[in-house]
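Protein chains in written order, with the numbering used here: chain A, 1 to 250; chain B, 1 to 216; chain C, 1 to 278.
Quick caveat, the hints were computed from the structure, so don't treat them as lab data.
Some clues are possibly wrong.
[Claimed, not checked] With the Cβ distance kept under 7 Å, some of the chain A side facing chain C (calculated, not the full set): (1) K83; (2) G107; (3) K114; (4) L140; (5) Y142.
[To be verified] Cβ pair distances, simulated, as ranges: (6) A/P78 to C/R9: 38 to 48 Å; (7) A/S72 to B/Q58: 37 to 47 Å; (8) A/A28 to B/Q58: 32 to 42 Å; (9) A/V79 to C/R96: 18 to 28 Å.
Think of the CB as a built atom: it goes at the ideal place given N, C-alpha and C, for glycine as much as any other residue.
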Amino acid sequence: MGQSLIVRHLEAWYGSNKTLKGINMQIAPNQVTAIIGPSGCGKSTFVRCINRMHETLPGTKVKGEIILDGESIYDQDPVALRKTVGMVFQKANPFPSMSIYENVVAGLRLNGMKSKQKLQASAEKSLRMAALWDEVKDRLNYSGMSLSGGQQQRLCIARALAVEPSVLLMDEPASALDPIATTHIEELIRQLKENYTILIVTHNMQQAARIADSTAFFLSGELVEHGPTSEIFTNPNDKRTEDYITGRFG
Amino acid sequence: MRQSLNEGQLMLTNLLKDMGKEVERILKGCMQVLITLDRTQAEYWIAEDQLVNNFERQVDDACVRLIATQQPVAKDLRKIISAMKISTDLERMADLAIGIAKVGRRIEGPLCKPLIDIPLMAEKALDMMRQGLEAYSNEDMELAHNLAVQDDAVDHMYNQVVRDLLVIMTQTPEYLDQGMYLTFVGRYLERFADHATNIGENVIYIATAERQDLNK
Amino acid sequence: MNDRLRRYRNLTMMGIFTIATLIALVPLFGVLGYVVKNGFSALNFEFFINLPKAMGLSGGGMANAIVGTLIMVAIATLIGIPIGILTAIYLTEYDRTSWFSIGVRFATDVLTGIPSIIVGIVIYTAVVLKMGHFSALAGGLSLAIIMIPLIIRSTEEMLKLVSHSIREAGYALGISKRVIILRIILPTAAKGIITGAMLAVARVSGETAPLLFTALGNQYWAHSLNEPIAALPVQIYQYATSPYKEWHQQAWAGSLVLILMVIVLNLIARLAFRSRSN
Numbered sequence: 001m002g003q004s005l006i007v008r009h010l011e012a013w014y015g016s017n018k019t020l021k022g023i024n025m026q027i028a029p030n031q032v033t034a035i036i037g038p039s040g041c042g043k044s045t046f047v048r049c050i051n052r053m054h055e056t057l058p059g060t061k062v063k064g065e066i067i068l069d070g071e072s073i074y075d076q077d078p079v080a081l082r083k084t085v086g087m088v089f090q091k092a093n094p095f096p097s098m099s100i101y102e103n104v105v106a107g108l109r110l111n112g113m114k115s116k117q118k119l120q121a122s123a124e125k126s127l128r129m130a131a132l133w134d135e136v137k138d139r140l141n142y143s144g145m146s147l148s149g150g151q152q153q154r155l156c157i158a159r160a161l162a163v164e165p166s167v168l169l170m171d172e173p174a175s176a177l178d179p180i181a182t183t184h185i186e187e188l189i190r191q192l193k194e195n196y197t198i199l200i201v202t203h204n205m206q207q208a209a210r211i212a213d214s215t216a217f218f219l220s221g222e223l224v225e226h227g228p229t230s231e232i233f234t235n236p237n238d239k240r241t242e243d244y245i246t247g248r249f250g
Numbered sequence: 001m002r003q004s005l006n007e008g009q010l011m012l013t014n015l016l017k018d019m020g021k022e023v024e025r026i027l028k029g030c031m032q033v034l035i036t037l038d039r040t041q042a043e044y045w046i047a048e049d050q051l052v053n054n055f056e057r058q059v060d061d062a063c064v065r066l067i068a069t070q071q072p073v074a075k076d077l078r079k080i081i082s083a084m085k086i087s088t089d090l091e092r093m094a095d096l097a098i099g100i101a102k103v104g105r106r107i108e109g110p111l112c113k114p115l116i117d118i119p120l121m122a123e124k125a126l127d128m129m130r131q132g133l134e135a136y137s138n139e140d141m142e143l144a145h146n147l148a149v150q151d152d153a154v155d156h157m158y159n160q161v162v163r164d165l166l167v168i169m170t171q172t173p174e175y176l177d178q179g180m181y182l183t184f185v186g187r188y189l190e191r192f193a194d195h196a197t198n199i200g201e202n203v204i205y206i207a208t209a210e211r212q213d214l215n216k
Numbered sequence: 001m002n003d004r005l006r007r008y009r010n011l012t013m014m015g016i017f018t019i020a021t022l023i024a025l026v027p028l029f030g031v032l033g034y035v036v037k038n039g040f041s042a043l044n045f046e047f048f049i050n051l052p053k054a055m056g057l058s059g060g061g062m063a064n065a066i067v068g069t070l071i072m073v074a075i076a077t078l079i080g081i082p083i084g085i086l087t088a089i090y091l092t093e094y095d096r097t098s099w100f101s102i103g104v105r106f107a108t109d110v111l112t113g114i115p116s117i118i119v120g121i122v123i124y125t126a127v128v129l130k131m132g133h134f135s136a137l138a139g140g141l142s143l144a145i146i147m148i149p150l151i152i153r154s155t156e157e158m159l160k161l162v163s164h165s166i167r168e169a170g171y172a173l174g175i176s177k178r179v180i181i182l183r184i185i186l187p188t189a190a191k192g193i194i195t196g197a198m199l200a201v202a203r204v205s206g207e208t209a210p211l212l213f214t215a216l217g218n219q220y221w222a223h224s225l226n227e228p229i230a231a232l233p234v235q236i237y238q239y240a241t242s243p244y245k246e247w248h249q250q251a252w253a254g255s256l257v258l259i260l261m262v263i264v265l266n267l268i269a270r271l272a273f274r275s276r277s278n
């Protein structure tokens, strides 16, 4: 089941550059929340704070609070947190040395799961959820790199799902894919929200409009507006949001 | 593929069907008023117009939402744009039905003759509306084209009604008032059928992207 | 007009490049051909299993030198590969930017450029003189010291080639850094690391200068790692500088064997790289 997130006065820095300037936001469980905004508005940094990936880069700093299902994520071990908060990246990044099967179960196997039966069951379940099972079931031992771009991205989604997170962060998951593969991923996201809370960063506003239940507009490290997607795209409250979504920005 | 868009379109179709049922209920009620000439009943149906107006707003909002969030193109886009137009047609049809109730409120005393052709026209016009909506939900071109033929029949019935009433009015001048109002009713029903035909035109536009005038 | 001029220039430049490439090939095939021509006649089965004969006598072999070289290269590999790879992991995964790691990188570069004879002298002073005798251990150690910087740099390059997104994918799955390095990054870079290590092994197996000061050479079998030991390059050097024609012959044969060893190592390295890439 998806879990809710509460973000309170979140600030983040890259060196001396303050990329998030006090974000307050509530993210409902089992919904798709899209983060939109121009390049450099802090949308990627924002999702990378939620699984504490931001801190892994040198020279970064975070202040504020993120509460996941009632518990502050900064009180948790980051490595353990990332099993609850999964992430899919802009560019599909399957492990090159591993087969399709090994990729899917990497998160389980490398964290110590030994039972072959459990691993196989989880691989099939995750691949099915990622709508990839039928395409790869006969070649699970092939390298993950042998798949097409869209398939690789779904493989990465399956790999993230196998760890059974409750929140799934997606950082522009379809921006490197062709329109058909993009539609595949979007359909997948729609189905996944039944079981996960999904945050998707996208620079494609139409994509946010198509798949998100709620949309948040970021600008220069601030949250300008957050509301139901249909409202943001038909009647935004803030002039800046309207200028951005209508393409009249700046 | 495009599940959200498909669901949105299905919702739109159902909304239009429900709106059509509402219009049907109102027209039937208003026709009843014309027979009973009951004023309280007339007031009741006149107030019911609000329901159809709400439906129209709902359809419009749903269309705007779908266009804004799902970026429909080609046939998808035509189908959504047509839904907005059809909802306008249905709203006008409800207004025409209410017009009949208003006539019923205004007519004094017993009718000059039992109503025969007018209820038949109402039945026919309603049937056309149902077929139009059916054609929309199934994208049935044949059904849509067929509406033109039926519209001609309704026009014919209207002419018949006018002629009959003219005869009564010239023979019995005290029925002049009543006859004029009943002519209005015939006119309303003829317009009602025209709007139903418009639905058919929209269906043809959805399927072929060509505009055809079925109201000739 | 312009078009013809452009084509003309293009042809001229291509001609220059082709000639330069052919010239570069001349020494390679010259050396190979010369060694094969002179060495092949002296090479026989005896050469691989017999000890050297006394001076001036024909026949005999370099079995002890071949084995000695293999032993010292093995010692160098055992010391050099773990230290080299672990250092490279430290430099890429744990500490890319501090002054310490910049210092280590600089030292590695300097060490790569140091003439190998200096390594020999240092080991001679620090180990051979302290222990009181030449030994296989001292020889292996000096080869290891030449090997380590090569392996550090090649491994580091290979680890850097592993995209950062792969590491992030590991983090995002809640995998610890240690496991990410051991089970994801190292396997991904394995082909490159192995290739680099093989090339380093090939490179040190031909080293002569440091061995003169550390392993010395030996006409007989060495019975422990603690005594002077024969090595192919040293043996070749000693035979080639002797006045005896038979020994010259043996030196050519030894050279051929040494070149073959290096070629085989190179081939293995390249095949390993290719076969795992699909």
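Any hints from earlier that this structure breaks? Give me their numbers in increasing order, please.
3, 4, 5, 6, 8
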